[in-house]
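Student: So the sequence lines, in the order shown, correspond to chains A and B.
So for the first sequence, our numbering puts the first residue at 650; every next one is plus one.
So for the second sequence, our numbering puts the first residue at 2; every next one is plus one.
Just so you know, not all the hints are guaranteed correct.
Within a straight-line C-alpha distance of at most 20 Å, the following computed SDA-like cross-link-like pairs (lysine to any residue) qualify [said to hold, decoys possible]:
#, chain 1, residue 1, chain 2, residue 2
1, A, Lys789, B, Gln42
2, B, Lys19, B, Asn9
3, A, Lys789, A, Thr656
4, B, Lys126, A, Arg731
5, A, Lys789, A, Arg890
6, B, Lys19, A, Glu681
7, B, Lys19, A, Lys773
8, B, Lys19, A, Gly668
9, A, Lys773, A, Thr656
10, B, Lys126, B, Val97
11, A, Lys789, A, Val824
12, B, Lys19, A, Met670
13, B, Lys126, A, Ala822
14, B, Lys19, A, Ala822
Computed Cβ-Cβ distance ranges for the label pairs, DEER-style [as the list claims (entries may be wrong)]:
#, chain 1, residue 1, chain 2, residue 2, range
15, A, Glu795, B, Phe101, 37 to 43 Å
16, B, Gly100, A, Ala839, 53 to 59 Å
17, A, Glu795, B, Met2, 18 to 24 Å
Hints in this document: simulated from the structure, not taken from any laboratory.
Since the structure is predicted, the reported quantities are computational estimates derived from the model, not experimental observations.
Glycine included, each C-beta is placed from N, C-alpha and C at the ideal position.
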Amino acid sequence: MEVYHPTTLGEALDAVDEGAMPLAGGTDLMVETNSGHIRPEHVVGLRRVAELQAWEGNRIGSGVTWRRIEHEGPRALAQAARTVGSPQIRNAGTLGGNLGTASPAGDGHPFLVAVDAEIELVSKRGTRRLGWRDFFTGVKETARDEDELITAVRLPDDLPERQEFAKIGVRNAMVIATVCVVVTRRPDGATTVGLGSVAPTPIRAARSEEMISAIARPSQTDLDEFQRLVGAEVSPITDHRSTEAYRRHAAGVLARRLLERCLR
Amino acid sequence: MIVTFTLNGESANARVEKPLSLLDLLHDELGLPGSKAACEQGECGSCSVILDGQLVCSCLVLAADVEGSEVTTVEGVAGDDVLNGVQQAMHEAGAVQCGFCTPGIVVAATDLFARNPRPDLSEIKEALAGNICRCTGYGAIIRALEGLAGRP
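Chain B extracted, bound-state conformation:
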């Protein structure tokens, strides 16, 4: 079947002939490698995307079920060749170690700041509870986001 949806603001089509996830569709068919495949069971958050306004794990979305939906991936959180506030803050704070979890954290944090521009520490931690950094680089990530929120 052909699935038609809005991907990072533009219309996208894909032929889906088997029960694969949105994550696999993005990676293998649509040339968007930013969302990372790690646990593939919703535990690590590396594949986080925004689906119809909700932060979700794209590994837990059936590709054929995005018909008519709006999907934003890490490739779509900012304009071409510019960084959004979250990306800029993480860049400046050096909040990246191996980088594998970074796209998921950027998407989750972008979703947080869109809903709440001045989150406090507990709100930041809660919003990132579904994103695992195997390098355990949480300190720099949280400091970056606290800075963006205008908190010391």
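Only chain A is shown next, with the shape it has when bound in the complex:
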């Protein structure tokens, strides 16, 4: 068993280049380890790397914890952070870890897709920035190469002023999302809808966005149609957490509710 404890990004990159598995907050990796699904023998712990915890303007370091985002993040991302696990989980879990795991239910993802965030990946070969569409490639799969670290998330400079997050699960604390949604809206009507837990990767509801963005003051009939379109546009599955039909219904209801909050 070999575990590295680098304090600089350069040392951390050396370790992943040699095949070490990145360990952020441990809230996913250790569950897999405790249950015997994986047996990580060669690990690089990232929590001492100060560069990964830097948060400057709209560049959020991958090592920033949910606890910090809960207090300092943009509105809808802070709302999402508050629903991550429990105080213990939010103290450990990080934005970058959420991306590295790339669960379809990741609580941070709907915000990142709704604002078209970019993910910064660094290796000894260099730095690249991927849009979220290129980053998420499947269920728990990403475009990160094995010698790369997720170093930061870059948000656009002009975040929409109106932005709202909501999540449905079986209870209030310690819950993995059945459906989670972010809706943003600008004064000119431009609306985005980011959804999690309704497809193999987080998605945008493009047709619903197009329909509602064209309407300056949506009527109840318009909102009904928006809700119906969101439910029709997602592609959820039935699993141990919920059914396809319920997830379609919940996605539509939540998106409408959030849009109504944005319009207030």
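Dock chain B against the given chain A, drawing on the hints supplied.
Tutor: Chain B in isolation, oriented as in the chain A frame:
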């Protein structure tokens, strides 16, 4: 590999040859059985410890990654043979049923009161949101902590 860290204020060493959790290390190698193993997936809080000033689940900490860190377990929240304020308040209120969740709740509540000596009801509930009591003895636990906070 040998891991060296500060455990309840004293230097500790342990040989770690496999990917085990800090919880297992405390229990099986270091003779500290206070942190309890229940869910081992971060859902129940029974294994809560304070790692470098942050309340975390020790089942989700890789033992070999505590190198150079400071860890406080339930055994270290008070001095020898004395109770801290949280322990005293829970003792007086009878806020223990089977006792399995108690160490995790003591650690989580100790962390809360260190940050906020006068938490209100919602702050107490929020701070304990990651700790499950299967006996559902929350009423007495919360009353004990409200009393400690000087609230009725």
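Student: Against the structure, test the hints numbered earlier, and report the numbers of the ones violated in rising order.
Tutor: 2, 3, 7 and 14
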